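Asker: Residues per chain, in single letters:
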Amino acid sequence: MASPAALDTNVMISQELRNIIACRRRQNATCIQTCSDQSTAALQIRPELSVNAPRWAQIKLRRDAERPFVFDGLNILQFSRPMQLGDVECLHTVSLYLCADQTFQIALNLDVPHDAPARSSYRVFPIRNMTLNKWIVDWCADLCVVAQSLRRPLNQSTDLREMQDVFHQMTSYCFRFEKF
Amino acid sequence: MTTIMEVTHNDVALQAGVSQVAQNAMSYAIKRVGARPLNFSGSELAMAMSYTPSIPYWYEINLYRTTEQSFVTAIRRFHQSEDKQDTVQAWQSETLEEAIDKLTAHDAAHDVPLAIEIDTAIAPAAEVAAIALHLLSEISDTRRHYQSLVGEFLYDLESGS
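One line per chain: the protein sequences are A and B, in this order.
Take the position in the first sequence, starting the count at 1, then add 8; the result is the number in this note's numbering.
Take the position in the second sequence, starting the count at 1, then add 219; the result is the number in this note's numbering.
Think of the hints as simulated: they come from the structure by calculation, not from any bench.
Please read all numbers here as calculations on a predicted model, not as lab measurements.
A portion of the hints provided could be inaccurate.
[What the hints assert, rightly or not] Sample of chain B residues lacking proximity to chain A, with all beta carbon distances greater than 12 angstroms (derived): (1) Glu-287; (2) Leu-333; (3) Ile-337; (4) Ala-348.
[As the list claims (entries may be wrong)] Here are the simulated DMTMM-like pairs of lysine to aspartate or glutamate, each with C-alpha atoms no more than 25 angstroms apart in a straight line: (5) A:Lys-68 with B:Glu-377; (6) A:Lys-68 with B:Glu-316; (7) B:Lys-250 with B:Asp-326.
No residue lacks a Cβ here, since even glycine has one placed at the ideal position from N, Cα and C.
Using the sequences and the hints given, assemble the complete structure.
Answerer: In structure tokens form, the structure reads like this:
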């Protein structure tokens, strides 16, 4: 089988499919409006109408193997730094979001250059006290798989040290954010 | 929250889409591994491909709509080497939702061939263990590769419409 050219389109979505999905969104919006009309007066106060509430934006986060995570929220912290994996320089991004329901989500992205022998990785985790360790471990496991694909000898201690450094920075910002 | 609609006939845009499918319908015969070919008439709705020259294999995923208003999902794995067998899997679904679920539910580990022949009766344990580790590594790599493509595809689907 002949290989495609390297610059071939990666994803093609027909306008027909976009129309189908747009129709579905309109139907969902109508449904939400109907439900809202039937709810109590107290529940009809939307966050964006409150004077002191943040102005939420609709955020879509790409994640591997799943539909994007869509929610109303705010990006409150973001760190990006290059991460050297073998000969390949990737971009490691950690983003923290405050959601309209007062929960936190963390998005972890590893952007790998298109011509590298590995694909980029995108994860989204809810932040809860009990899951804090789990998402760090899961993300480190993802990074190790990418590193392996890039034929880099595994050096988990260095990876973990770098991750910890990012997380410590983020945690200190979180504390400062909390004081306000 | 469900974000993908089932096809209904009471929507003007969709009715336009239906007639468009009928007009642009092509005949497809998708050869499947371990099953009869999937034959249908319809049009391709979307495609995503993970080809990179530095990776020895790549995935192509396709969504089709048939003239009977059902949906077809196809997952193809191609190899750069001509010695290796390309694989195709395809399913027909009643709704677009179900068709997309086929993409997210697919476990790419099943696509990894056991390329090394080994006689487990006489092979030393260390050799079997080494092969097992190699296979686990390939499975992990393939799963992540496929999941990354599906994530990119579904993100593009949700964005820009």
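Asker: Taking the hints in turn, state whether each one holds.
Answerer: Evaluated hints:
Every Cβ of chain A is farther than 12 angstroms from the Cβ of Glu-287 (chain B); the closest lies at roughly 16 angstroms, confirming the non-interface assignment. Every CB of chain A is more than 12 angstroms from the CB of Leu-333 (chain B) (nearest about 19 angstroms), matching its label as outside the interface. Look at Ile-337 (chain B): its CB is around 22 angstroms from the nearest CB on chain A, clear of 12 angstroms, so calling it non-interface holds up. For Ala-348 (chain B), the condition that its CB be more than 12 angstroms from all CB atoms of chain A holds, with the nearest at approximately 18 angstroms.
With a C-alpha separation of about 8 angstroms, the suggested pairing of Lys-68 (chain A) with Glu-377 (chain B) holds against the 25 angstroms cut-off. The hinted pair formed by Lys-68 (chain A) and Glu-316 (chain B) meets the criterion: a straight-line CA distance of about 19 angstroms does not exceed 25 angstroms. For the hint pairing Lys-250 (chain B) with Asp-326 (chain B), the CA-to-CA distance comes to about 19 angstroms; that is within 25 angstroms, so the pair holds.
Comparing the model with each numbered hint stated earlier shows that all of them hold.
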